[in-house]
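Q: Please model the entire structure based on the sequences and the hints provided.
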Amino acid sequence: MPVRTILRVILLRIIRLLMSITIEAWIFKKSFNISPKLSVQYTMALNLLASACEWMIVVNAEAILPLKARTQLINYLLVEQLDTTSFVIFLLTVFNFTFLLLIKWIGFETLRFLSSTDFTKISKVFSGNSEDQIQMSEKYKDFRVILLAHTFSYSLFLGLAFTLLILK
1237 MPVRTILRVI LLRIIRLLMS ITIEAWIFKK SFNISPKLSV QYTMALNLLA
1287 SACEWMIVVN AEAILPLKAR TQLINYLLVE QLDTTSFVIF LLTVFNFTFL
1337 LLIKWIGFET LRFLSSTDFT KISKVFSGNS EDQIQMSEKY KDFRVILLAH
1387 TFSYSLFLGL AFTLLILK
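First residue of the sequence shown: 1237, per this note's numbering; consecutive thereafter.
None of these hints come from the bench; they were simulated from the model.
Just so you know, not all the hints are guaranteed correct.
Stated by the list, open to error - The list that follows gives simulated cross-link-like pairs (lysine-lysine, DSBU-like), each with its CA atoms no further than 35 Å apart: (1) K1265 - K1377; (2) K1377 - K1273; (3) K1377 - K1266.
A: Next comes the structure, spelled out in structure tokens:
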């Protein structure tokens, strides 16, 4: 790849991370009522984890896909460049969105669990005892907030990427 393309890929990935961190930190701050610093720390950790997992999937998928699908995958995920709009690209986008959402949710639950100082809650989780009845709306509040934040940041990035593609 030429140097210009490599720099474009790096710059686009940095912009994607910064946009995601900014949008998701704002939503986390408002929804969880936490400090701006803590919301940025959470979203930085979650987005870096999701990005690392995304790259591991791309590298492994690239090795096993047929040549045409491999070319489309590389052009779409690395260069954000599409020759034609195809069903494969749509499926890759849906899979990427869902995979990143799942990674962020698991990462958030892990961070919250590790930062918990209430050891009785931790011991109850490992012993299998359920806590008091939690209403369904409260139980999945974290997931809804993460879904909202991820959807906003991912949609904004896709809009930016496709706008750049159209203007090209």
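Q: Hint by hint, say whether it matches the structure.
A: Results for each hint:
With a CA separation close to 14 Å, the supplied pair K1265 and K1377 stays within the 35 Å bound. With a C-alpha separation of about 21 Å, the suggested pair K1377 and K1273 falls inside the 35 Å cut-off, and the hint holds. Restraint check for K1377 and K1266: satisfied, since their Cα atoms lie roughly 13 Å apart, inside the 35 Å limit.
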